[in-house]
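Below are the chains, spelled out letter by letter.
Protein chains: 4
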Amino acid sequence: MIIVMNATATTENIQAVVERLTEQGFDIHKSTGATHTVLGVVGGAGAVDPRNYELLDGVGEVVRISEPYKLAGRLFRKEDTVIDIRGVKIGGNEIVLMAGPCSVESRSGIREAAKFVKRSGAKVLRGGAFKPRSSPYSFQGLGVEGLKYMREAADENGLLVISEIMDRMDLPTAMKYIDIIQVGARNMQNYTLLRELGNMPKPVLLKRGMSATIKELLMSAEYIMAGGNHEVILCERGIRTFESYTRNTMDISAIPILKSLSHLPVIADPSHGTGIRDKVTPMARASVAAGADGLLIEAHQDPDHALSDGAQSLYPDQLQELVEQLRIISKAVNRTIAPEPERINVS
Amino acid sequence: MIIVMNATATTENIQAVVERLTEQGFDIHKSTGATHTVLGVVGGAGAVDPRNYELLDGVGEVVRISEPYKLAGRLFRKEDTVIDIRGVKIGGNEIVLMAGPCSVESRSGIREAAKFVKRSGAKVLRGGAFKPRSSPYSFQGLGVEGLKYMREAADENGLLVISEIMDRMDLPTAMKYIDIIQVGARNMQNYTLLRELGNMPKPVLLKRGMSATIKELLMSAEYIMAGGNHEVILCERGIRTFESYTRNTMDISAIPILKSLSHLPVIADPSHGTGIRDKVTPMARASVAAGADGLLIEAHQDPDHALSDGAQSLYPDQLQELVEQLRIISKAVNRTIAPEPERINVS
Amino acid sequence: MIIVMNATATTENIQAVVERLTEQGFDIHKSTGATHTVLGVVGGAGAVDPRNYELLDGVGEVVRISEPYKLAGRLFRKEDTVIDIRGVKIGGNEIVLMAGPCSVESRSGIREAAKFVKRSGAKVLRGGAFKPRSSPYSFQGLGVEGLKYMREAADENGLLVISEIMDRMDLPTAMKYIDIIQVGARNMQNYTLLRELGNMPKPVLLKRGMSATIKELLMSAEYIMAGGNHEVILCERGIRTFESYTRNTMDISAIPILKSLSHLPVIADPSHGTGIRDKVTPMARASVAAGADGLLIEAHQDPDHALSDGAQSLYPDQLQELVEQLRIISKAVNRTIAPEPERINVS
Amino acid sequence: MIIVMNATATTENIQAVVERLTEQGFDIHKSTGATHTVLGVVGGAGAVDPRNYELLDGVGEVVRISEPYKLAGRLFRKEDTVIDIRGVKIGGNEIVLMAGPCSVESRSGIREAAKFVKRSGAKVLRGGAFKPRSSPYSFQGLGVEGLKYMREAADENGLLVISEIMDRMDLPTAMKYIDIIQVGARNMQNYTLLRELGNMPKPVLLKRGMSATIKELLMSAEYIMAGGNHEVILCERGIRTFESYTRNTMDISAIPILKSLSHLPVIADPSHGTGIRDKVTPMARASVAAGADGLLIEAHQDPDHALSDGAQSLYPDQLQELVEQLRIISKAVNRTIAPEPERINVS
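Residue numbers (the numbering used here), protein chains in the order written: chain A, 24 to 370; chain B, 24 to 370; chain C, 24 to 370; chain D, 24 to 370.
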């Protein structure tokens with residue numbers, strides 16, 4: 024911590040700050056310049072609240088000199104973290120596609136979805152079983168039953184399963200059916216849940232809260248990692264701004280920023296990031312162009328009759344077409360994506 | 024729901040929208056104007072996502088004609104809800120003061136706090152036992168032990184107890200010690216927790232999420248009320264904006280807005296709303312001037328040595344002085360606050 | 024400027040930063056701590072862009088140690104600036120009320136307005152002659168003709184005149200009719216206009232831009248003051264946030280913050296700050312409770328037929344009633360406001 | 024305009040609204056549903072403020088049924104507007120690159136810049152002569168002299184010139200030297216300037232204000248178009264959010280949204296959109312992937328010694344490399360960009 028005293032600070036002011044710091048167990052390194060005195064502060068026990076010092080007489084500014092996150096940062100680990108789930112590598116050279124409906128609606132529905140998802144080149148089947156709905160009167164999901172259907176549909180097509188868990192009490196059961204645990208934007212700072220995930224032997228996809236800063240997203244990742252689980256995937260899904268044309272404003276710049284601050288894989292969710300189907304495709308392309316390690320996309324065999332979020336779900340054809348565009352773009356960033364479907368050799 | 028077709032919409036466009044609506048079980052009332060056709064849509068089952076219709080060809084705008092909340096709204100209940108907890112009335116003519124430290128730090132500390140809190144005229148003792156901290160490495164609170172200390176300190180001074188609960192698993196135990204269950208800003212959309220609170224026979228103070236709209240706050244109250252618990256207190260505690268001088272921007276205008284949309288009591292938390300001691304007093308005054316039914320204020324017998332949020336905690340003297348200012352202001356809004364301390368009659 | 028090197032910075036990194044600084048004419052004071060090296064940077068010519076150093080290898084953080092504004096800051100002038108315009112003192116103990124219609128609509132209209140404005144105890148007549156309208160198809164104001172009407176109406180009632188000027192070409196003419204030049208939120212960073220105002224011998228009321236930080240508002244005041252005109256009045260009028268219930272979110276906390284950072288008077292505009300009549304009164308009360316030096320309020324003798332902003336204009340009775348409430352609140356902050364109307368002594 | 028009455032509105036309420044509307048010259052089409060009465064409102068003179076009706080008793084919601092902009096909208100013109108400036112087509116199939124330094128610093132500097140800008144495949148030379156600086160103490164640009172240098176440098180290399188004009192008084196002179204007039208973000212709602220531009224026979228590049236909604240950007244375009252000048256280029260350059268890691272949050276989704284609402288060309292400025300060099304390249308790629316018609320990029324032959332914004336300026340090599348990546352991405356959106364440099368035919 025660096026404390027910059029005001030140009031008008033008196034000797035008594037400076038002395039009072041130094042005493043307060045010493046009392047808290049800090050070592051102080053004082054340097055007196057032409058106009059300002061600067062105190063370098065080292066040691067002490069535990070986290071410090073800079074505001075405690077900002078309030079003291081004569082103090083101009085208090086600056087933290089280290090980021091509050093450790094394990095999630097590039098300083099802790101220089102090379103990119105690659106999470107390998109039965110051969111599917113997230114954070115590696117290949118951009119990973121996760122797709123599927125907003126909610127699991129029925130056994131047959133999710134089996135149908137899994138087929139076209141597989142065909143598109145995706146590696147992971149997404150779908151909600153426990154749904155966080157802003158109205159208590161809306162469809163709340165099929166629960167564990169939904170997870171079972173997903174597992175079955177995924178297994179039939181050689182896909183992994185990702186699904187959101189909202190309550191730590193659901194974790195033990197959910198662990199049997201899913202490969203990646205999704206933490207939703209509204210739970211990004213549900214510390215009880217995050218702490219529990221630190222003990223789980225499963226990768227976690229952590230969505231950025233609607234108004235979370237990049238630093239706060241990394242601190243939430245730190246919560247999970249501090250418990251021992253280092254397999255965290257960060258996910259940008261749109262932030263809240265004054266612009267009301269879209270549900271959220273997708274912060275594409277968060278992708279390269281997160282990649283430079285952290286070694287963790289970074290995924291983009293253009294479906295929630297925009298909330299409207301015809302903007303999903305351009306924003307998916309933009310995410311890959313900006314360096315995303317993967318995409319989480321809502322797609323449905325019949326979006327017009329989806330029980331939730333149909334308006335932001337792609338039709339199977341649109342998903343297919345998007346993948347073809349992404350195949351071109353991924354070359355511009357020296358990456359690959361879903362290998363081209365095998366062609367039947369007719370000769 | 025009202026669907027306004029574009030001026031350029033064709034007869035086929037209109038027909039397609041009508042068919043889609045009929046298919047979903049709606050009754051349609053079509054009115055053809057000089058330039059636009061407008062469809063009034065009635066009935067149907069369950070919540071509707073307006074975006075499903077916005078995407079159809081020829082549709083200009085889709086407007087919900089009823090608020091998504093019912094029980095929390097003024098249409099459901101015209102008169103103000105007054106919550107009576109052993110004689111302390113929240114939402115009535117008297118403005119209720121809730122004060123105390125950020126965290127319960129020790130048995131002796133909270134007992135000392137309860138004394139000066141009582142002296143100030145406050146009716147409720149606040150204090151955190153389960154602390155939501157953005158760093159996994161910070162002090163996380165004393166847990167149930169802290170609640171016991173609070174109960175004892177409150178009882179000694181004839182105060183009620185308010186404390187935050189973050190996890191539904193802690194509710195049964197917490198119920199024994201606290202009078203008002205606080206839901207923190209980060210949990211405003213923790214639907215699992217909200218649903219559980221709907222079954223609890225205790226008032227709930229629900230804090231507005233850092234970037235929650237007023238409508239979303241009311242929807243979260245609706246979650247609790249839909250379960251049967253109608254004793255919900257709304258709390259404005261600052262929203263996130265681009266301004267970085269304060270931790271949050273306290274949205275004082277939310278107070279009169281909530282009072283006009285809802286019958287529930289509205290409380291303000293200027294401590295978290297500003298994050299810095301010397302701004303707490305002016306914002307507390309502003310909250311009462313704007314019509315708040317109460318205040319939730321952090322105060323500590325020794326803020327310089329508080330384990331958390333010392334920088335935004337008032338000194339006991341400041342709390343006393345604030346109450347005196349509020350006594351004047353409350354007259355301007357035809358309210359009362361903490362009756363003046365008894366004067367010793369020397370004769 | 025303080026440059027904090029990363030814990031992992033090499034000697035070469037540090038050397039490179041030092042060389043770059045030296046090249047730019049800075050003196051460097053290097054202090055090597057246990058984990059970080061910190062460079063204190065003094066001197067150099069002109070403003071520095073900290074980003075130039077943030078990009079260098081090994082640099083952790085770059086901190087400005089002085090605010091970019093000088094003349095507008097408390098360090099430049101400790102005591103409050105009081106602007107005296109023919110006996111009306113802005114920034115003194117008496118809270119100054121400025122009221123009137125959004126636009127000057129006609130000669131008779133503004134004369135009628137001036138009468139009830141005077142009666143309320145206000146000292147300044149507000150009214151727009153040059154209107155910034157977001158639609159090119161809306162009423163754009165009466166121009167210079169409107170200013171003449173305002174002057175006449177104000178003179179008849181012993182009031183001062185405040186009106187917005189949008190273009191520096193209109194200044195010479197406008198100077199003849201108005202006492203306080205208003206700069207609108209949309210022009211807060213119209214540097215051409217600000218620079219010109221620096222040469223004018225008239226006080227300027229500078230509104231905070233819709234998304235301007237407090238620091239930026241002070242920098243815009245600095246622009247005017249740097250030209251020699253030190254009579255600047257700051258005005259909070261609502262900022263843009265995600266909340267869409269009101270037009271803007273009035274940032275009441277900006278009032279005490281501006282008062283502590285700057286010696287300039289601070290005025291609040293609850294009419295634009297909320298955009299809707301029934302929220303103007305509570306927010307006016309809150310502004311005074313938070314320490315505002317004055318209020319700028321839209322009021323109209325017949326708001327239902329106003330040519331602009333009728334929805335946020337008070338009725339004459341409401342203005343009167345507000346002043347009575349403010350008279351009580353001003354005592355809580357040791358201020359006065361419009362002295363009570365004389366009582367006829369019947370005996 | 025559609026007025027939806029509350030379910031609880033009385034017959035008297037409805038009658039009062041109808042009378043008010045009739046008085047204002049509107050025709051009303053009343054439709055009474057099972058729960059709500061809906062009033063369709065047609066005709067009347069001039070722009071209407073919906074808030075005037077929201078305040079009336081019994082009114083639930085007031086909805087505008089037409090966008091406030093006309094000329095800028097897709098309804099006015101279905102096909103894309105292509106602006107042809109001496110053969111350079113903006114808004115056509117080829118993505119247009121505009122590049123150059125933040126400020127024109129010297130005659131030799133801009134001549135050097137023009138050379139590498141041309142080499143990269145750009146068609147337009149950018150550079151600031153009149154600089155809007157947030158500090159009155161910063162470098163303010165070379166003024167008309169700077170424009171002359173730009174013109175010369177551009178002519179030597181067969182480039183067009185774009186430069187920002189802040190004051191309408193500078194327009195007549197500037198017109199001699201520049202091909203595209205740039206309106207900066209801070210002047211997006213400088214209506215005096217916009218109106219003047221409506222009379223100019225030159226294309227205008229209009230930057231989105233820092234906190235302007237998409238609708239407001241289109242309304243500002245409307246101001247220019249209403250004056251007769253239909254050659255407006257829209258430019259996304261980042262909006263202000265709570266995230267402080269970058270200067271602005273670039274709203275990439277505004278690109279496809281603007282393209283669907285308006286027929287005008289849409290350009291992206293990733294330099295101001297991010298404010299830091301290493302994020303410019305990924306955001307430039309994202310912009311093209313999202314459908315931008317062009318890019319406005321700061322590049323400098325020696326960014327380390329630039330007089331302004333060096334930290335966000337690309338090195339010539341980086342610009343070259345970016346164009347190569349964009350060449351790949353443009354194929355994914357069926358566009359072209361700067362044709363590959365001619366290869367020397369060795370035979």
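Hints were generated in silico from the structure; no laboratory data involved. Careful, some of the hints might be misleading.
Note that identical chains are pooled: a pair holds if it fits in a single copy or bridges any two copies.
Calculated cross-link-like contacts (lysine-lysine; reagent style DSS-like; alpha-carbon spacing at most 30 Å) [said to hold, decoys possible]: (1) K93 to K53; (2) K141 to K101; (3) K101 to K53; (4) K138 to K354; (5) K354 to K112; (6) K354 to K199; (7) K112 to K53; (8) K354 to K93; (9) K199 to K101; (10) K101 to K238; (11) K101 to K112.
### Message
Which constraints among the numbered hints does this structure fail? Numbers only, ascending.
### Response
2, 6, 7, 8, 9
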